[in-house]
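> Residue numbers (this note's numbering), protein chains in the order written: chain A, 4 to 294; chain G, 4 to 294.
Don't take each hint at face value.
In silico contact screen, one side only, chain G against chain A (beta carbon under 8 Å); selected entries [stated by the list, open to error]:
| # | residue |
| --- | --- |
| 1 | 97 |
| 2 | 131 |
| 3 | 253 |
| 4 | 255 |
| 5 | 258 |
Bear in mind the hints are in silico, worked out from the structure with no lab data behind them. Here a beta-carbon is modelled for each residue, glycine too, at the ideal position from N, C-alpha and C.
Given next are the chains, with one letter for each unit.
There are 2 protein chains.
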Amino acid sequence: MNIHQLGEFGLIDRIRQRLRVDSHVIRGIGDDTAVLPYTRGKYLLFTTDMLGEDIHFTRRMPAKAVGHKALACSISDIAAMGGLPSIALVSIGLPKHLPVCYVDELYQGMHRLAKQFGVSIVGGDTIKSDKLIINVALLGEVEKKYLVTRDKAKAGDWIFVTGPLGGSFLSGRHLTFTPAVAQARFLVRNFKPHAMIDISDGLAGDLNHILKASRAGVRLWEGQIPKNPGCTLQQVLSNGEDFELLFTLAALKAKKLLQWQQKTRQWFFYPIGQITANRKQLVRAKAFTHF
Amino acid sequence: MNIHQLGEFGLIDRIRQRLRVDSHVIRGIGDDTAVLPYTRGKYLLFTTDMLGEDIHFTRRMPAKAVGHKALACSISDIAAMGGLPSIALVSIGLPKHLPVCYVDELYQGMHRLAKQFGVSIVGGDTIKSDKLIINVALLGEVEKKYLVTRDKAKAGDWIFVTGPLGGSFLSGRHLTFTPAVAQARFLVRNFKPHAMIDISDGLAGDLNHILKASRAGVRLWEGQIPKNPGCTLQQVLSNGEDFELLFTLAALKAKKLLQWQQKTRQWFFYPIGQITANRKQLVRAKAFTHF
Chain A
4 MNIHQLGEFG LIDRIRQRLR VDSHVIRGIG DDTAVLPYTR GKYLLFTTDM LGEDIHFTRR
64 MPAKAVGHKA LACSISDIAA MGGLPSIALV SIGLPKHLPV CYVDELYQGM HRLAKQFGVS
124 IVGGDTIKSD KLIINVALLG EVEKKYLVTR DKAKAGDWIF VTGPLGGSFL SGRHLTFTPA
184 VAQARFLVRN FKPHAMIDIS DGLAGDLNHI LKASRAGVRL WEGQIPKNPG CTLQQVLSNG
244 EDFELLFTLA ALKAKKLLQW QQKTRQWFFY PIGQITANRK QLVRAKAFTH F
Chain G
4 MNIHQLGEFG LIDRIRQRLR VDSHVIRGIG DDTAVLPYTR GKYLLFTTDM LGEDIHFTRR
64 MPAKAVGHKA LACSISDIAA MGGLPSIALV SIGLPKHLPV CYVDELYQGM HRLAKQFGVS
124 IVGGDTIKSD KLIINVALLG EVEKKYLVTR DKAKAGDWIF VTGPLGGSFL SGRHLTFTPA
184 VAQARFLVRN FKPHAMIDIS DGLAGDLNHI LKASRAGVRL WEGQIPKNPG CTLQQVLSNG
244 EDFELLFTLA ALKAKKLLQW QQKTRQWFFY PIGQITANRK QLVRAKAFTH F
């Protein structure tokens, strides 16, 4: 059997089964980031994302945007845990005939985003490669009381997303999105989400990750799901790389959040369904896969 | 200008110039690992290494050894700071026709080494790639009093290495080496090295890194440099990926170390020269480059 036949999620399951983590690791594989002991009041968050040419971007796309995306994906993972990003290392595989100005622009895109989010890029590694490869390893931190994982969604919770979904590749939004750190921090400070994830594999795939981890089911209000212009429900469910956050709130908190939005006339959060106790109610849609 | 014309070290300099790090980062790019605030008595160490097929290994080499090497390189970086490795994330780019058993064996090699050094591999990322690419991001920790950097070598220091050098690629030792964590911990606990680095670019290249950072020169005792069987001095100076440690000790400590070795009849450390005040005395040899 080869990698193609096994598929992305089969492969991840296979790798996961073999991991044995020390008891002092709070949370290992199976969430947006690893969660590690840190200070008395905080956890350390640790995540990594690898982006490959012709998979996550092409050489025709602006180098600044590619650099932006490489870092933004990892910042989005930190946001999904309720945390703030802090320190990054960037490994990069470079074709030998790549113009140096391309690399300059790539780093410009990364640095601009890093500055915006208070991230220090403190080093990394460079190797020669046939195709451009970028790996970001990112640390972050979160107050223990604010940590949000995937596995605490409860029957009756309302499900929200932070923005319209679908068509991220076609529109180019996967290259320019702003990681939803501000929204996540607002939520953990004021509304105590039960579960949160960033939507990288498509709404269906990532919602199912929450349902599986939380041993719960779902009722989606399909008409309520915010869609990007021209996107069908199917695209919204299965297109990847939206990088919006998906989270669940206890019903009472959900109503308070909607009231707050009505009062302030700011619409950052869209209710799209409810968590149920029926574990069989998964979202039936082909999940986006990078393989 | 393209990457090939700029060269590996030109590229690293260019990237380094553009980095701006927060004041709370103890040490950023320019050492074996980044050094970050952690607990009252310890620093957090953070490093990353990317390995590419046909650069650092080939598909004909045993998968277990490739996995071993991928993690061992990063553990060696932690050792060079005097620290202990703790938590790793592994990103991997996989060709779609790669047999799944290859990936299994790759992880077996990594896990065996991880267990040996108390490292937890807590997650990572997988993508599709034309050639096999492995990126390890590794955290470690070091007691503040034991941290060793590259820039504190002093005129009069003796220079040591932890083992014979040269021919690592030809002999296959670059795939099987044991990172010198035990030696490094013995040294920081008992002999307070002034400067330390792991030899990945060849003795000349890495010794010059210490000299540049410490603004010092060198006198090498060429006849004393331990060589692997069949290696010339030139190969010892410029072959890459030895992964032995290179360190400097105050003359008094150096003599104590030699006495200790004589008394215990254990020869772990080889004196190869002395640090001088004359900054112009660099090691003249073509440094190994991965580009």
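> With reference to the structure, classify each hint as holding or not holding.
Evaluation of the provided hints:
no. : hint : verdict
1   : 97   : holds, 5 Å
2   : 131  : holds, 5 Å
3   : 253  : violated, 29 Å
4   : 255  : violated, 34 Å
5   : 258  : violated, 35 Å
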